[in-house]
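Q: The chain contents come next:
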Amino acid sequence: MSEMWVNMGPQHPMTHGLWNLRVKVDGELVTDAVPELGYLHRGIEKICEYRRYNEVVTLMDRTCYVAGLAWEQLYLMASEQALGVEVPERAEYIRVMCQELQRLASHLMWFAAFVMDVGLMAPFGYGMRDRDVILDLFQSFTGARMTYEYMRVGGVRNDVPVGFTDRCRKVMGWLEQRIKDYEDLCDRSDIFLKRCIDVGVLKAQDCIRNGITGPMLRSAGVARDLRRDRPYSAYPELDFQVAVHDAADVYGRYRVRMEEMRQSIFIVRQTLDHLDRKPGRVIAEKVPRFVGTPSPPPGQESYIVRRGYPKGVGFSAMEEPHGEALAYVVNEGGEQPYRVKFRSPVMVNICAVRDYLVGYRVSDIPAIMGSIDVCVGESDR
Amino acid sequence: MSSPATSPRTAPPGPAEEIKFTLPPPEPTGVASLVVHPLARAGRQFVKSLWRPSTIVYPYRTPFGKATERLEDPKFRQEVDIRSGVPIGVGEIWDNYRGVHALNIQTCISCNLCMFSCPDTCIEMVSVETEGGKSKKCPQIDYGKCSFCGFCSDACPEGCLSMTSRYTLTTNDRSHMVYSPQMMNAVYRTKLPMNPIRLARPENEDNILLDQDLCIGCNACSRDCPTKCITMIEIPKPTAKPGEKLPKRIWKEPMVNDEDCVRCGTCISVCPKECLYWGSHG
Numbered sequence: 001m002s003e004m005w006v007n008m009g010p011q012h013p014m015t016h017g018l019w020n021l022r023v024k025v026d027g028e029l030v031t032d033a034v035p036e037l038g039y040l041h042r043g044i045e046k047i048c049e050y051r052r053y054n055e056v057v058t059l060m061d062r063t064c065y066v067a068g069l070a071w072e073q074l075y076l077m078a079s080e081q082a083l084g085v086e087v088p089e090r091a092e093y094i095r096v097m098c099q100e101l102q103r104l105a106s107h108l109m110w111f112a113a114f115v116m117d118v119g120l121m122a123p124f125g126y127g128m129r130d131r132d133v134i135l136d137l138f139q140s141f142t143g144a145r146m147t148y149e150y151m152r153v154g155g156v157r158n159d160v161p162v163g164f165t166d167r168c169r170k171v172m173g174w175l176e177q178r179i180k181d182y183e184d185l186c187d188r189s190d191i192f193l194k195r196c197i198d199v200g201v202l203k204a205q206d207c208i209r210n211g212i213t214g215p216m217l218r219s220a221g222v223a224r225d226l227r228r229d230r231p232y233s234a235y236p237e238l239d240f241q242v243a244v245h246d247a248a249d250v251y252g253r254y255r256v257r258m259e260e261m262r263q264s265i266f267i268v269r270q271t272l273d274h275l276d277r278k279p280g281r282v283i284a285e286k287v288p289r290f291v292g293t294p295s296p297p298p299g300q301e302s303y304i305v306r307r308g309y310p311k312g313v314g315f316s317a318m319e320e321p322h323g324e325a326l327a328y329v330v331n332e333g334g335e336q337p338y339r340v341k342f343r344s345p346v347m348v349n350i351c352a353v354r355d356y357l358v359g360y361r362v363s364d365i366p367a368i369m370g371s372i373d374v375c376v377g378e379s380d381r
Numbered sequence: 001m002s003s004p005a006t007s008p009r010t011a012p013p014g015p016a017e018e019i020k021f022t023l024p025p026p027e028p029t030g031v032a033s034l035v036v037h038p039l040a041r042a043g044r045q046f047v048k049s050l051w052r053p054s055t056i057v058y059p060y061r062t063p064f065g066k067a068t069e070r071l072e073d074p075k076f077r078q079e080v081d082i083r084s085g086v087p088i089g090v091g092e093i094w095d096n097y098r099g100v101h102a103l104n105i106q107t108c109i110s111c112n113l114c115m116f117s118c119p120d121t122c123i124e125m126v127s128v129e130t131e132g133g134k135s136k137k138c139p140q141i142d143y144g145k146c147s148f149c150g151f152c153s154d155a156c157p158e159g160c161l162s163m164t165s166r167y168t169l170t171t172n173d174r175s176h177m178v179y180s181p182q183m184m185n186a187v188y189r190t191k192l193p194m195n196p197i198r199l200a201r202p203e204n205e206d207n208i209l210l211d212q213d214l215c216i217g218c219n220a221c222s223r224d225c226p227t228k229c230i231t232m233i234e235i236p237k238p239t240a241k242p243g244e245k246l247p248k249r250i251w252k253e254p255m256v257n258d259e260d261c262v263r264c265g266t267c268i269s270v271c272p273k274e275c276l277y278w279g280s281h282g
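Note that the protein sequences, when read in sequence, are chains B and R. So the first sequence is numbered by the numbering used here: it starts at 1 and just counts up by one. So the second sequence is numbered by the numbering used here: it starts at 1 and just counts up by one.
Don't read these hints as lab results, they were simulated from the structure. The model shown is predicted, which means the values in this text are computed figures rather than measured ones. Hints may contain errors.
Stated by the list, open to error - List time: in silico DSS-like cross-link candidates among lysine-lysine, alpha-carbon distance up to 25 Å:
hint: 1; chain 1: B; residue 1: K341; chain 2: B; residue 2: K311
hint: 2; chain 1: R; residue 1: K245; chain 2: R; residue 2: K273
hint: 3; chain 1: R; residue 1: K273; chain 2: B; residue 2: K311
hint: 4; chain 1: B; residue 1: K46; chain 2: R; residue 2: K273
hint: 5; chain 1: R; residue 1: K145; chain 2: R; residue 2: K134
hint: 6; chain 1: R; residue 1: K273; chain 2: R; residue 2: K228
I would like the entire structure built from these sequences, with the hints used as guidance.
A: Below, the structure is given as structure tokens:
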């Protein structure tokens with residue numbers, strides 16, 4: 001039978017976003033695959049150059065709509081390095097708590113969509129409902145459910161409200177039980193296992209060759225986690241384990257993410273204990289006051305230069321829910337960053353699609369693509 | 001069709017059974033079918049809906065209180081105690097939700113900080129008639145552009161511009177999305193909860209300082225100060241030494257009254273020479 005190209009996307013239930021997967025099929029067999037990205041390109045990196053440092057935070061929420069707080073901190077870590085601002089300890093712990101809650105929300109969202117792709121209908125409702133509870137937590141201290149705009153240069157906007165830590169602990173205890181239930185639900189399902197095991201295999205050396213990071217790399221047996229290997233924020237003082245599985249297939253990725261959720265709950269509890277113990281400032285004292293200080297008329301010498309914030313370059317790397325994300329901010333002394341560059345893990349993971357799709361059937365494609373957790377908002381930016 | 005003898009796999013043991021059809025009951029006619037039965041059906045559904053509504057609103061309630069069932073996990077929200085106080089229902093949201101702004105025109109000092117801090121440039125300062133025939137500038141917000149980030153209410157030094165839990169903005173006309181100061185003042189009068197979170201200022205940088213070498217005495221800071229706490233004082237004109245050229249300027253300098261100053265930073269923003277900056281007298 002002759003081969004033919006099939007477009008899966010840009011509007012397709014498999015894509016989880018707006019991108020096009022072109023697959024070459026020989027009957028049911030996939031012989032080639034090419035991703036086409038760029039349908040959601042909004043030019044965020046360029047817009048950043050026209051906004052003041054704090055105002056870029058509003059764009060970071062729109063960059064990745066399931067992990068907005070992760071991208072806020074990624075950008076702010078780089079810009080704080082470029083501006084020479086130090087973050088108070090309490091703000092670092094609040095940020096780490098946000099990261100792990102965001103990882104839980106992102107992985108639950110992935111769980112809901114992934115099991116739907118694989119064929120289990122009921123867990124979709126459970127995953128979305130549990131994510132909703134975490135969004136309620138976010139709303140209680142940020143004021144929004146998706147576009148948080150919570151972090152600022154030098155810390156966070158406001159402290160957590162009274163009684164938040166107790167509420168959060170209750171949610172964590174409840175969620176821990178739920179994750180156990182979901183694992184039972186999936187591991188006892190023959191449909192789930194048959195569609196996951198030995199499907200979409202990508203060995204460790206292929207992962208490293210393609211630059212794949214995150215749960216995909218850890219599912220291939222490589223214990224690589226930036227939270228442990230290149231610790232940032234308050235992670236050096238926290239205790240956790242890196243989730244690793246050696247199956248290198250769809251089932252391994254599912255296992256790694258479930259274990260990561262459990263570790264996230266563990267980390268959140270440690271940060272909550274710290275927040276209860278040590279009160280303090282949540283935003284640095286010496287912050288460049290871009291928020292409170294209006295910009296001078298165009299053509300005038302910048303306020304920051306005059307106040308003595310020297311030129312600098314900032315670089316940050318963090319373990320986002322999807323993988324390793326990098327940010328690069330250049331401060332040329334102006335009010336706005338001179339250049340902002342991001343590295344999206346999803347972009348890299350999608351671009352290696354040929355390596356883990358060829359040789360499988362068309363019906364395996366939704367399961368494989370669902371297991372890499374696509375977020376087109378951050379890959380196209 | 002093959003006989004049971006030739007295909008034992010499909011033949012059930014024992015004698016063949018007769019297939020019985022259950023016919024639907026004959027439809028009632030007359031008054032009963034037109035009036036009584038529909039009423040009875042509606043009544044049954046109404047009584048049933050008292051404890052189990054047919055259309056489930058998230059999370060649904062009954063006339064006698066909250067229902068206790070949702071997906072397969074009863075009382076899950078009560079267990080996690082996600083909400084202290086009023087439960088989340090249709091149209092109910094948290095107090096710190098970032099929705100339509102409330103503006104107290106009385107306390108607004110026209111410092112322009114909300115306009116300067118807006119990343120979407122959706123705020124415009126317009127004239128508002130106040131009591132006594134005077135007018136002042138107050139923010140007007142275009143919600144067609146607004147991203148509800150809350151930078152404006154963070155920047156407000158008086159706490160008079162704040163975001164409320166009001167979110168009804170649907171309209172047929174795009175011009176209705178532009179909220180004048182009076183409309184936001186009407187929102188303020190509805191007494192929705194306002195949570196202005198003012199950013200903590202640096203403790204030892206709360207004064208406005210002057211770089212005297214750069215100042216040209218242009219009066220811009222004094223003119224635009226919302227609280228009129230800056231006065232221009234005369235400074236002596238130095239005598240030029242031979243061969244030295246005096247700078248071309250007005251021989252006046254701003255003096256800030258720190259008791260009246262609200263630290264809004266307008267003077268710093270309007271200064272054409274960048275000679276004002278934040279610092280401390282100590």
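Q: Could you work out which earlier hints the structure fails to respect and list their numbers in ascending sequence?
A: 4, 5
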